[in-house]
Amino acid sequence: MNTIKFLALACAIVFFFSCEEDDGPTNRAPVVEDRTMNMDENPTSDLLTTITATDADDDTLTYSIVSQTPANSVLINSTNGEVYIANASAFDYEQNTSIVVNIEVTDGVNITQSTLTINILDVNENG
Numbered sequence: 001m002n003t004i005k006f007l008a009l010a011c012a013i014v015f016f017f018s019c020e021e022d023d024g025p026t027n028r029a030p031v032v033e034d035r036t037m038n039m040d041e042n043p044t045s046d047l048l049t050t051i052t053a054t055d056a057d058d059d060t061l062t063y064s065i066v067s068q069t070p071a072n073s074v075l076i077n078s079t080n081g082e083v084y085i086a087n088a089s090a091f092d093y094e095q096n097t098s099i100v101v102n103i104e105v106t107d108g109v110n111i112t113q114s115t116l117t118i119n120i121l122d123v124n125e126n127g
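Numbering-wise, full-length UniProt numbering puts 106 at position 106 of the sequence shown, and it's gapless, one number per residue.
No lab work stands behind these hints, which were simulated from the structure alone.
In this text, a Cβ means the ideal position worked out from N, Cα and C, and glycines have one as well.
Be a bit skeptical, because a hint or two may be false.
To be verified - Simulated restraints, written as ranges between beta carbons of each label pair:
#, residue 1, residue 2, range
1, Gly24, Val100, 37 to 43 Å
2, Ala86, Thr52, 43 to 49 Å
3, Ile4, Arg28, 44 to 50 Å
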């Protein structure tokens, strides 16, 4: 009888320590792709494009600019990913042939980065 009690107790202890608390599903990182676009110099609209990220967990996403060359050329709406001109003179082909913006998207847990490259096209301004 003692042997049975001992085996039952041993099994209960092994079972108790082998069970882990379930941490639930893992939060997945947002997905955002690099983007390249072409545009004429001296644009007439402030809105350039919208960066669209997805999140498999339907978490709220926040957009931000990590770096850009040249500096202070564009800004991004942190809630919807809309990219706007911040400095119109940066969009002059004779000054810059491209603008490169490194963008970060976070779901509050995970961070994903992408690059927006804006190729500025020369427009004949003498004609």
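Hints versus structure:
1. For glycine 24 and valine 100, the hinted distance range of 37 to 43 Å is satisfied, since their beta carbons lie about 39 Å from each other.
2. Distance hint for alanine 86 and threonine 52: a CB-CB separation of about 20 Å, inconsistent with the stated range 43 to 49 Å.
3. Judged by the Cβ atoms, the range 44 to 50 Å given for isoleucine 4 and arginine 28 holds: they are separated by roughly 48 Å.
The structure fails hint 2 only (numbered hints given earlier).
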